[in-house]
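S.K.: Here's the letter readout for the chains.
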Amino acid sequence: MKRKLAALEKVEADLPALQRKIRTDPSSYHDDFVNQYSQYQSLYELFEASPTTTDDSGLVRLRDLVDFVSHVADCYPSLTKGFAGQLTRLLEIHHVTLESELRDKLVGSLVLLRRKETIDSQALLQILWPLLISTPSKSLRALLFSKILNDLRTSNNKATNHKLNRSMQTTCYNLIASNPSSPKGLWAVKLTRELWKRQVWADAKAVSIMEAAALSQDAKVVTGGVRFFLGGDQEREEAADDDSEAEEGVDVRKLKHQAGINKKNDKRMKEVREAKKKIKKQERKKNAPHPLNFSALHLLNDPQGFAEKLFQQHLQPSQPKVKLNLEQKLLVLNLVSRLVGLHKLTVITLYSYFLKYLTPRQPSVTSFLASLAQATHSLVPPDVLEPLVQKIANEFVSEAAASEVASAGLNGIREICVRQPLAMNETLLQDLVQYRKSKDKGTQMAARGLLSLYRDVGAEMLKKRDRGRDAALKLRHTTTNEGGIAAARRFGQVEEGGIEGLDLLEKWKEEQGLDEDEDEVKGWENWDAESDGSESSGGWINVESDGEDIDVSDSEDEREKKQKADKLAKTTTSEEKENMDDAASRTTASLEPEAALAREEAKISKLATTRILTPADLTKLHELRQSTALLNNLPSAKRRKLAAQAAAAKAAKHADDAVTASDITGPSKLSHKNNKEERIAIAKGYRDGVIREGGREEGNDHRSTTARRKEKKAAEGKSTTNREKARKKNFMMTLGKAKRKGKRSLVEQRGILKAHVDRGKRGGKRGNAGN
Amino acid sequence: MGSSTKKKNEKKKGDFQKTKLKVGKTRPTNTNATDTSFAAKSIVLKQQNLGESGRDATTLFNHNLSLLSSKNETQRRDALQYLTAACISFGVANLPQSPGAIIAKAQSLILDGNSDVRTQLLKLLKVLPTTDLGSLDQILLYARAGMAHLSNDIKLFALDIVDWLLVSSPETLMACPGGWIKMLRTFQNLLVWQGEAVNGVVTHGKWSATRSTSNKLGSSKLLVHQLNTLTMFLTAGLTPPPIDPLAEVKRAALVFPLLETQCHLLPAKSEPFGYLNLFGAVRDVESEVYADADERANIFNELGMLDIFKAGAREAKKEAGEVGRAASGLEKALRLAEVG
Numbered sequence: 001m002k003r004k005l006a007a008l009e010k011v012e013a014d015l016p017a018l019q020r021k022i023r024t025d026p027s028s029y030h031d032d033f034v035n036q037y038s039q040y041q042s043l044y045e046l047f048e049a050s051p052t053t054t055d056d057s058g059l060v061r062l063r064d065l066v067d068f069v070s071h072v073a074d075c076y077p078s079l080t081k082g083f084a085g086q087l088t089r090l091l092e093i094h095h096v097t098l099e100s101e102l103r104d105k106l107v108g109s110l111v112l113l114r115r116k117e118t119i120d121s122q123a124l125l126q127i128l129w130p131l132l133i134s135t136p137s138k139s140l141r142a143l144l145f146s147k148i149l150n151d152l153r154t155s156n157n158k159a160t161n162h163k164l165n166r167s168m169q170t171t172c173y174n175l176i177a178s179n180p181s182s183p184k185g186l187w188a189v190k191l192t193r194e195l196w197k198r199q200v201w202a203d204a205k206a207v208s209i210m211e212a213a214a215l216s217q218d219a220k221v222v223t224g225g226v227r228f229f230l231g232g233d234q235e236r237e238e239a240a241d242d243d244s245e246a247e248e249g250v251d252v253r254k255l256k257h258q259a260g261i262n263k264k265n266d267k268r269m270k271e272v273r274e275a276k277k278k279i280k281k282q283e284r285k286k287n288a289p290h291p292l293n294f295s296a297l298h299l300l301n302d303p304q305g306f307a308e309k310l311f312q313q314h315l316q317p318s319q320p321k322v323k324l325n326l327e328q329k330l331l332v333l334n335l336v337s338r339l340v341g342l343h344k345l346t347v348i349t350l351y352s353y354f355l356k357y358l359t360p361r362q363p364s365v366t367s368f369l370a371s372l373a374q375a376t377h378s379l380v381p382p383d384v385l386e387p388l389v390q391k392i393a394n395e396f397v398s399e400a401a402a403s404e405v406a407s408a409g410l411n412g413i414r415e416i417c418v419r420q421p422l423a424m425n426e427t428l429l430q431d432l433v434q435y436r437k438s439k440d441k442g443t444q445m446a447a448r449g450l451l452s453l454y455r456d457v458g459a460e461m462l463k464k465r466d467r468g469r470d471a472a473l474k475l476r477h478t479t480t481n482e483g484g485i486a487a488a489r490r491f492g493q494v495e496e497g498g499i500e501g502l503d504l505l506e507k508w509k510e511e512q513g514l515d516e517d518e519d520e521v522k523g524w525e526n527w528d529a530e531s532d533g534s535e536s537s538g539g540w541i542n543v544e545s546d547g548e549d550i551d552v553s554d555s556e557d558e559r560e561k562k563q564k565a566d567k568l569a570k571t572t573t574s575e576e577k578e579n580m581d582d583a584a585s586r587t588t589a590s591l592e593p594e595a596a597l598a599r600e601e602a603k604i605s606k607l608a609t610t611r612i613l614t615p616a617d618l619t620k621l622h623e624l625r626q627s628t629a630l631l632n633n634l635p636s637a638k639r640r641k642l643a644a645q646a647a648a649a650k651a652a653k654h655a656d657d658a659v660t661a662s663d664i665t666g667p668s669k670l671s672h673k674n675n676k677e678e679r680i681a682i683a684k685g686y687r688d689g690v691i692r693e694g695g696r697e698e699g700n701d702h703r704s705t706t707a708r709r710k711e712k713k714a715a716e717g718k719s720t721t722n723r724e725k726a727r728k729k730n731f732m733m734t735l736g737k738a739k740r741k742g743k744r745s746l747v748e749q750r751g752i753l754k755a756h757v758d759r760g761k762r763g764g765k766r767g768n769a770g771n
Numbered sequence: 001m002g003s004s005t006k007k008k009n010e011k012k013k014g015d016f017q018k019t020k021l022k023v024g025k026t027r028p029t030n031t032n033a034t035d036t037s038f039a040a041k042s043i044v045l046k047q048q049n050l051g052e053s054g055r056d057a058t059t060l061f062n063h064n065l066s067l068l069s070s071k072n073e074t075q076r077r078d079a080l081q082y083l084t085a086a087c088i089s090f091g092v093a094n095l096p097q098s099p100g101a102i103i104a105k106a107q108s109l110i111l112d113g114n115s116d117v118r119t120q121l122l123k124l125l126k127v128l129p130t131t132d133l134g135s136l137d138q139i140l141l142y143a144r145a146g147m148a149h150l151s152n153d154i155k156l157f158a159l160d161i162v163d164w165l166l167v168s169s170p171e172t173l174m175a176c177p178g179g180w181i182k183m184l185r186t187f188q189n190l191l192v193w194q195g196e197a198v199n200g201v202v203t204h205g206k207w208s209a210t211r212s213t214s215n216k217l218g219s220s221k222l223l224v225h226q227l228n229t230l231t232m233f234l235t236a237g238l239t240p241p242p243i244d245p246l247a248e249v250k251r252a253a254l255v256f257p258l259l260e261t262q263c264h265l266l267p268a269k270s271e272p273f274g275y276l277n278l279f280g281a282v283r284d285v286e287s288e289v290y291a292d293a294d295e296r297a298n299i300f301n302e303l304g305m306l307d308i309f310k311a312g313a314r315e316a317k318k319e320a321g322e323v324g325r326a327a328s329g330l331e332k333a334l335r336l337a338e339v340g
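Protein sequences, first through last, are from chains G and P. So that you can map any letter, position 259 of the first sequence is 259 in the UniProt record's numbering, and since no number is skipped, the others follow by simple counting. So that you can map any letter, position 116 of the second sequence is 116 in the UniProt record's numbering, and since no number is skipped, the others follow by simple counting.
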């Protein structure tokens with residue numbers, strides 16, 4: 001009896017067991033809970049009276065009770081009404097002196113209460129955020145930060161919790177805005193960046209927090225904000241990629257195979273089922289439309305004001321409020337120039353700021369060059385840029401300068417001139433182009449780059465013999481035929497935009513001879529019907545070829561057919577005329593597709609400016625575009641296509657992309673001769689894991705093909721060949737057969753030989769002749 | 001066969017093996033190396049200063065008092081033993097520390113895990129003079145925590161402490177914040193007398209297991225003790241202090257021409273306006289001070305506790321035996337509240 005009692009007492013003291021019982025049947029264990037709760041209450045009171053004493057010597061500790069109560073609090077909501085408030089009080093008043101375990105437990109319990117929805121997210125964040133800001137303990141800060149982050153993520157998991165986000169963003173913003181010189185703002189920056197990375201916050205409000213951070217008066221907060229604008233979006237993309245990659249790796253086939261072979265039990269079945277579900281989920285995710293996320297730079301409210309303020313606060317003044325070191329200054333400069341380049345802002349003072357730093361002795365001058373190039377765009381006055389280009393040329397590009405310096409200078413100049421070709425004058429250009437004869441490869445390449453750029457954008461500035469064939473022809477054509485339309489582009493001139501293939505559409509309409517109004521009505525009708533009828537599809541995309549309704553209209557109206565025939569005749573004649581024109585032009589300049597293009601653009605259709613394109617029109621437009629693309633695949637059009645591709649590649653280097661220091665130093669690698677160690681390192685490449693990552697060193701793998709193939713197979717987790725297996729077989733295992741081999745009778749031997757021949761004929765043991 | 005010779009060789013070699021040092025490899029650690037890589041945040045002394053020679057009794061007394069918070073159980077117990085002996089030898093008049101200070105040090109041991117320490121603590125408390133115990137807020141808190149403790153031993157012990165408090169200084173106990181209603185609530189919780197649930201088995205509209213007043217496995221020892229202590233507590237709280245009929249006359253004669261002098265004099269007791277609670281945390285009904293027996297009876301009735309307790313006592317009485325006897329004692333005590 002006594003032993004039993006002792007055991008029972010132990011069980012009673014076992015809080016986890018009681019917790020489990022309460023979870024299963026709350027009403028039966030009501031009294032036990034009341035006991036424990038009153039125990040908690042008295043310990044809480046004791047603790048409040050003397051918060052510094054520890055209760056380690058006692059049987060039950062406050063933190064165990066807190067843990068227990070928070071786990072079952074949702075079963076007795078009326079009893080534990082004040083529980084969360086008590087925990088909050090403890091944390092708020094005593095968080096500095098609390099022993100770390102109890103403190104962490106309190107935080108954890110509050111989060112648990114939030115998970116059980118005893119308190120809401122808003123309340124939880126209102127408790128945790130001030131603690132995070134005020135606590136001196138590093139470990140508590142780390143814990144709080146992770147909890148806050150997790151809570152925000154989970155509450156945005158199913159649907160965006162706008163209310164919570166808004167209040168939290170306001171808190172973050174106020175933290176920075178209320179006291180710009182305090183380093184506490186770093187927490188707001190950290191939180192925002194993390195949530196941006198995970199795509200929880202992707203709106204303008206989050207960007208405005210970072211804007212405030214970048215304009216604050218603490219160096220760390222400033223760099224945090226600036227770094228966000230420079231790398232936040234990239235980080236977000238990478239995180240998204242990582243997520244999709246990390247989730248792969250569930251091999252359903254393997255699991256199924258294993259389930260087929262191993263003993264079947266519920267656990268294995270469940271594994272397979274879960275794997276299937278996961279795969280399905282992944283597939284759905286893969287097929288889901290890509291979330292439309294704007295980059296932080298595009299969500300800025302007032303880029304001009306922001307760039308100006310950044311520049312004026314951190315870079316321009318000789319005694320700035322925040323002391324930034326060179327690295328941080330470069331970051332800020334990078335952001336300012338990025339903004340200027342991306343939004344085509346006008347910050348004139350920025351360019352004279354660069355003047356001081358453009359010397360080869362300046363540390364990390366390539367970054368300055370890159371920033372300058374980034375800050376250049378077509379709307380920067382050439383007068384402002386000219387002295388800069390001149391200075392770069394004087395300081396960097398000379399025979400006396402080191403080859404890296406010269407090539408960096410030339411690259412810098414080229415990058416500036418790509419964005420604003422007018423920044424160059426003729427004499428300087430002709431001088432710089434001479435460096436293509438340099439002995440140094442890097443300089444040579446850089447000079448060639450500049451040359452080819454100006455062949456494209458300003459051939460008349462080059463000497464005649466430098467222009468090259470294409471550029472010279474083009475120049476002659478423009479001067480003779482068009483009276484200088486494409487000649488030297490003027491400052492501020494903007495190219496007209498157009499819809500690709502619109503002329504084709506117009507031509508096609510003319511050919512079809514459709515009455516414009518009627519056709520328009522038809523096109524819209526079609527769209528209306530689509531959008532009304534099918535709710536699932538978008539309506540715009542699913543428009544089938546609208547040839548049908550055109551046919552209908554034809555059959556309805558005989559007269560129209562006639563008209564159409566007339567018009568057809570007309571168009572054919574016009575086409576013939578055009579062909580003749582073409583032929584004529586070919587005689588004058590047989591190899592000038594650009595010119596032909598320009599002429600076509602000259603009579604650019606007024607279709608898009610006079611009427612609204614119907615959905616039917618758009619589909620037809622798409623079709624026509626595709627068909628012309630097919631036509632262009634003919635060999636005759638190949639040259640044009642290549643040119644178009646090059647143009648597309650150029651366009652792909654969008655203004656969104658930053659210019660980096662490596663762009664500037666790029667080809668100067670060529671002018672550097674490898675020393676012995678580097679050569680050896682490259683030769684040894686395949687053994688060195690770090691170098692191997694580059695992929696370039698694949699060719700330096702001096703092993704045999706078999707060895708490489710074997711390694712590849714092993715890496716893929718595939719088996720070896722039978723030969724390989726036989727070769728690797730343990731010697732002792734082969735002994736038995738070898739012993740027996742010598743003692744075979746003749747009859748046995750014959751049988752074996754026969755079987756061998758037969759197998760050879762059949763093609764293997766099972767015979768793979770058929771399959 | 002093969003393995004045994006190999007083992008023999010290995011054994012032979014092992015003793016006089018010279019470790020080979022290699023260039024470019026880290027040196028193997030010595031066998032007698034001291035590991036200094038750890039970093040402890042606190043150092044726990046298992047044994048604290050034990051030398052007792054050359055110190056006078058007062059220092060020794062204080063030293064032992066400080067030993068009460070030792071990590072070691074036996075040391076705590078020994079310190080308590082020493083203090084008990086010292087209290088007896090010093091006599092009531094000249095203790096090196098006031099009883100209040102001793103209690104403040106020793107009260108946390110009410111929740112001690114070791115039963116020896118607890119019994120020794122009770123012995124110490126019993127030898128302390130009852131005159132100058134100081135404020136009993138803290139010890140009352142500990143006692144309540146003990147009463148609601150998981151362990152039955154500690155529950156019983158806490159009841160012993162309450163008994164001692166009631167015997168030694170009932171008036172001070174009642175003057176503690178929360179000394180009346182909170183204690184009663186604790187008793188209520190312990191006895192599971194939850195108003196509406198006393199006669200029924202339905203709580204919160206859900207069916208639940210039948211509740212019995214007796215404790216598990218027929219051990220009624222705790223229940224009896226609880227009932228007895230409750231009876232004592234109620235009696236102490238509800239009995240008005242004996243009025244000396246001649247006191248008023250005596251006082252009037254002392255200060256003859258004046259009337260109601262004591263109202264205009266500075267109060268003689270310490271912290272006279274403590275009941276106003278000007279500087280402490282805000283108190284609710286439960287932690288309020290009820291200084292008068294009438295007041296206590298009123299609030300006891302107001303909160304509806306009288307009925308609950310009555311019903312509970314009636315139920316407990318049905319169990320007969322020891323429990324029944326204790327319950328009938330309780331009923332008698334409850335009659336005091338009715339009268340008031």
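Quick caveat, the hints were computed from the structure, so don't treat them as lab data. Certain hints may be false.
Cross-link-like lysine to aspartate or glutamate pairs, in silico, EDC-like; alpha carbons within 20 Å at most [to be verified]:
| id | chain 1 | residue 1 | chain 2 | residue 2 |
| --- | --- | --- | --- | --- |
| 1 | G | Lys81 | P | Asp307 |
| 2 | G | Lys81 | P | Glu286 |
| 3 | P | Lys41 | G | Glu101 |
| 4 | G | Lys138 | G | Glu117 |
S.K.: Indicate, hint by hint, whether the structure satisfies it.
M.R.: Going down the list of hints, with the structure as the test:
With a C-alpha separation of about 26 Å, the suggested pair Lys81 of chain G and Asp307 of chain P falls outside the 20 Å cut-off, and the hint is violated. Taking the CA atoms of Lys81 of chain G and Glu286 of chain P, the gap is about 17 Å. The hint holds against a cut of 20 Å. Straight-line distance between C-alpha atoms of Lys41 of chain P and Glu101 of chain G comes to about 14 Å, which keeps the hinted pair within the 20 Å bound. Of the pairs offered as hints, the one joining Lys138 of chain G and Glu117 of chain G is violated, with about 28 Å between alpha carbons and a cut-off of 20 Å exceeded.
Hint compliance for this structure: hints 1, 4 are not met, and every other hint is.
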